[in-house]
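Sequences and hints are given; from them, build the entire structure.
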Amino acid sequence: MGQQQAYFVPAKSHWPIVAAVVMFLTVFGAAHWLNAAPGEAGFGKTIITIGFIGILLMFFGWFRSVIHESLAGKYDAQVDRSFRMGMMWFIFSEVMFFAAFFGALFYTRMFSVPWLGGEGHGVLTHQFLWSEYAAAWGAGGGNGPANIGGDFQTVAPWGLPLLNTLILLTSSVTVTIAHHALKAGHRGKILVFLGLTVLLGATFVYAQAHEYIEAYKELNLTLHTGVYGSTFFMLTGFHGLHVTLGTIMLAIIWLRVLKGHFSPDHHFGFEAVAWYWHFVDVVWLGLFMFVYIL
Amino acid sequence: MAHAATHDHHDEHHGAPSNFFTRWFMSTNHKDIGTLYLVFSLLMFFIGGSFAMVIRAELFKPGMQLVQPYFFNEMTTMHALVMIFGAIMPAFVGLGNWMIPLMVGAPDMALPRMNNLSFWILPFAFALMLSTLFMQGGGPAGGWTMYPPLSLQSDSVAYVVFAIHLMGISSIMGAINIIATILNMRAPGMDLLKMPVFVWSWLITAFLLIAVMPVLAGAVTMLLTDKYFGTSFFNAAGGGDPVLYQHVFWFFGHPEVYIMILPAFGIISEIVPTFSRKPIFGYKAMVFAIAAIAFLSFIVWAHHMFAVGLPLGAEIFFMYATMLISVPTGIKVFNWVSTMWGGSLTFETPMLFAIAFIILFTIGGFSGLMLALVPADFQYHDTYFVVAHFHYVLVTGAAFAIMAATYYWLPKWTGHMYSEFWGKVHFWCSVVFVNVLFFPQHFLGLAGMPRRIPDYNVAFADFNMISSIGGFLFGASQLIFLGVIVHCAFFSRKKAADRVWEGARGLEWTVPSPAPHHTFALPPVIHDDELAHGHVDD
Numbered sequence: 001m002g003q004q005q006a007y008f009v010p011a012k013s014h015w016p017i018v019a020a021v022v023m024f025l026t027v028f029g030a031a032h033w034l035n036a037a038p039g040e041a042g043f044g045k046t047i048i049t050i051g052f053i054g055i056l057l058m059f060f061g062w063f064r065s066v067i068h069e070s071l072a073g074k075y076d077a078q079v080d081r082s083f084r085m086g087m088m089w090f091i092f093s094e095v096m097f098f099a100a101f102f103g104a105l106f107y108t109r110m111f112s113v114p115w116l117g118g119e120g121h122g123v124l125t126h127q128f129l130w131s132e133y134a135a136a137w138g139a140g141g142g143n144g145p146a147n148i149g150g151d152f153q154t155v156a157p158w159g160l161p162l163l164n165t166l167i168l169l170t171s172s173v174t175v176t177i178a179h180h181a182l183k184a185g186h187r188g189k190i191l192v193f194l195g196l197t198v199l200l201g202a203t204f205v206y207a208q209a210h211e212y213i214e215a216y217k218e219l220n221l222t223l224h225t226g227v228y229g230s231t232f233f234m235l236t237g238f239h240g241l242h243v244t245l246g247t248i249m250l251a252i253i254w255l256r257v258l259k260g261h262f263s264p265d266h267h268f269g270f271e272a273v274a275w276y277w278h279f280v281d282v283v284w285l286g287l288f289m290f291v292y293i294l
Numbered sequence: 001m002a003h004a005a006t007h008d009h010h011d012e013h014h015g016a017p018s019n020f021f022t023r024w025f026m027s028t029n030h031k032d033i034g035t036l037y038l039v040f041s042l043l044m045f046f047i048g049g050s051f052a053m054v055i056r057a058e059l060f061k062p063g064m065q066l067v068q069p070y071f072f073n074e075m076t077t078m079h080a081l082v083m084i085f086g087a088i089m090p091a092f093v094g095l096g097n098w099m100i101p102l103m104v105g106a107p108d109m110a111l112p113r114m115n116n117l118s119f120w121i122l123p124f125a126f127a128l129m130l131s132t133l134f135m136q137g138g139g140p141a142g143g144w145t146m147y148p149p150l151s152l153q154s155d156s157v158a159y160v161v162f163a164i165h166l167m168g169i170s171s172i173m174g175a176i177n178i179i180a181t182i183l184n185m186r187a188p189g190m191d192l193l194k195m196p197v198f199v200w201s202w203l204i205t206a207f208l209l210i211a212v213m214p215v216l217a218g219a220v221t222m223l224l225t226d227k228y229f230g231t232s233f234f235n236a237a238g239g240g241d242p243v244l245y246q247h248v249f250w251f252f253g254h255p256e257v258y259i260m261i262l263p264a265f266g267i268i269s270e271i272v273p274t275f276s277r278k279p280i281f282g283y284k285a286m287v288f289a290i291a292a293i294a295f296l297s298f299i300v301w302a303h304h305m306f307a308v309g310l311p312l313g314a315e316i317f318f319m320y321a322t323m324l325i326s327v328p329t330g331i332k333v334f335n336w337v338s339t340m341w342g343g344s345l346t347f348e349t350p351m352l353f354a355i356a357f358i359i360l361f362t363i364g365g366f367s368g369l370m371l372a373l374v375p376a377d378f379q380y381h382d383t384y385f386v387v388a389h390f391h392y393v394l395v396t397g398a399a400f401a402i403m404a405a406t407y408y409w410l411p412k413w414t415g416h417m418y419s420e421f422w423g424k425v426h427f428w429c430s431v432v433f434v435n436v437l438f439f440p441q442h443f444l445g446l447a448g449m450p451r452r453i454p455d456y457n458v459a460f461a462d463f464n465m466i467s468s469i470g471g472f473l474f475g476a477s478q479l480i481f482l483g484v485i486v487h488c489a490f491f492s493r494k495k496a497a498d499r500v501w502e503g504a505r506g507l508e509w510t511v512p513s514p515a516p517h518h519t520f521a522l523p524p525v526i527h528d529d530e531l532a533h534g535h536v537d538d
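In order, the protein sequences belong to chains A and B. The first sequence lines up with residues 1 to 294 when you count with the UniProt record's numbering. The second sequence lines up with residues 1 to 538 when you count with the UniProt record's numbering.
Keep in mind that the hints are not guaranteed to be accurate.
[Claimed, not checked] Non-contacting residues of chain B with respect to chain A, defined by C-beta distances greater than 10 Å in every case (computed):
#1 L133
#2 G282
#3 A285
#4 A292
#5 M305
#6 A307
#7 F317
#8 M319
#9 Q379
#10 C429
#11 F463
#12 D498
[As the list claims (entries may be wrong)] One side only, chain A facing chain B, incomplete, derived with CB under 8 Å:
#13 F28
#14 L34
#15 Q78
#16 M85
#17 W89
#18 F90
#19 F92
#20 S93
#21 Y107
#22 T108
#23 V113
#24 E271
Simulated from the structure, these hints should not be mistaken for laboratory data. Quick reminder that beta carbons are idealized off the backbone N, C-alpha and C, glycines included.
Below you can see the structure in the form of structure tokens.
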């Protein structure tokens, strides 16, 4: 960076204040809905719908103005570096969010469930409250001494979850191939491999939904299934949400490639989404290992 | 390319835009957004303070005096949430917003629009949270730590959890912005080890924020699903454990404590050298001490839970890890004192607050050491001794540092001098009454008075009355603070010089007072002798 280079400071924008308002409407509507008596949820539902549509419009408008600025060549190398740091630290914050739920999983498996079964310093709790309870993770114990949610079966790891692992790993490879193609300037190849990544992401979400339906209908494994169901559905649910968002982001990047928004050396939007995609991939490997296999 | 970009908004080059709405609601200017943060935090300081007045009024005499017990519990809960997330944290973000770009020679924050979003989320989040006080069923009353199962009995859980999600999003975006600004926007020549200590302290604080705010979001999300969606994270009958919440919460909560004190360390490290007319003693040691404190903050969380029934090995580990923190903290205190040693000291209001900080924060640190001892903590746990401890570190620590920073930089922000006389009146009232308020609480705690109760044994009557009197007078003293700020911003006629304080060094003092709406459109040339810590060969 040269001594005399001027800095870029973006012009004023109404999108931040719009974003604050629609985020507020969404959570206010949600809180109202959760607390509403049966039959009175209409108000909360209306507000949350308005808020949610507002969020979609806000993202559309804010990103549109950013894309216009980018295409107009306003973003120099310094702005690009700020964006990269922003995305990197955002992904780090997401890692820590998942860490909280992984922490809950490890704690309940390693400590609270065995303690309830009488291990360690849980002897008295076990003896006085639940002397019948034999601690176990998964079927036959993972839902706690009160058998909350009733008897259940766990999802077999070597069926659909293994397939989903392969799907996500493959999608990580295809997105990387698309990235190399972008650097080499082969637009056709990018479109094919990025499109493939989107399809693989969508397939993963579809398979996951299928797995949930099976869990609820046939295995009696639900969100209410004690702490096993809680950790299972919260971890895989938040991950599934991230995959869904990632797939949408990839699809938008695909459209932007189609419109010719990216050049071999100026494509931060593509890279940010690719980083995000690798992140959901890595989280899945943790899930496959600790939620499904072990 | 970059030159063309700056011409897009040439209409704002020579000052603030005139339209009120455009300027304050759509801003991309770090100074305006910093001002918004600071004004917001001042408002929250008085709202949270009024809750504290209710608490002290109820505790003035034994017996139920003024309010219902549930309302009292709402007040203790809301006082903490408002002061922590509404007053202290936004004040530091506001100071960072205003000063970091000026200190590192940047034209603005790295991501100015996101900066505006980080701020504007906050008023909505606090409106959501405070509105629960007026709802049927009332607000949260289970303490700011929201331990289940008690906290889950309130109907306000959803509102409070979502408000905390919003505050977390705001903090994370603010922290990302600060890191990107510090790492990417420094003027050429502003090496990392030439940055002011305040900037260093914010860099490390921002890292802590990004690491732990998502964990808090996770913890309160589990509360939400336990209450409304039938999960069993904190329900022993379903295999969960209420103590799990405490682990996850304090994994956030302890770094949070340092989020509220590290920028204060940075502020004191700016003010003490200025009024001692000496560079800071042991610059590198100061930086590494902050980093060491930040690292240790991740491995001490269970010292908040000694009395909950942890395995013995855990108690011993967390006790020793906690006591280790006194080593880097001691380095900082000794270095501040060494900076003053042999200096030509003057005692303007910022320096008075800084010296009071060093002494009173150290008292809070020592009571923290006492609490770190497991056998002793079994006696002190959940008593007023704990209340006294964290108010010494948060009021005479964090809040005094914020006041010191306000007096220190107010002339730079407004272009006018504040009234030194009234500043000193504010200082002496604050420093006397804050001790009348909190020091007796040590004795109350040692005598066994539990915290978070609206009524108490008559044995505790005298010290509670003294504490309440100190509380009312400390609260009233803050009106002087408000008066000094309003006078300085709108009525003061005394112009401030560019280098407001004779001994002040650093880039922020090379720009005019008030700082123009846009500074450093071109990167400034850095001269080592202008930097507070230009020579770091010590």
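Problem set entry | Hints violated by the structure (listed by number, smallest first) | Number 24 - this is the single hint that the structure violates.
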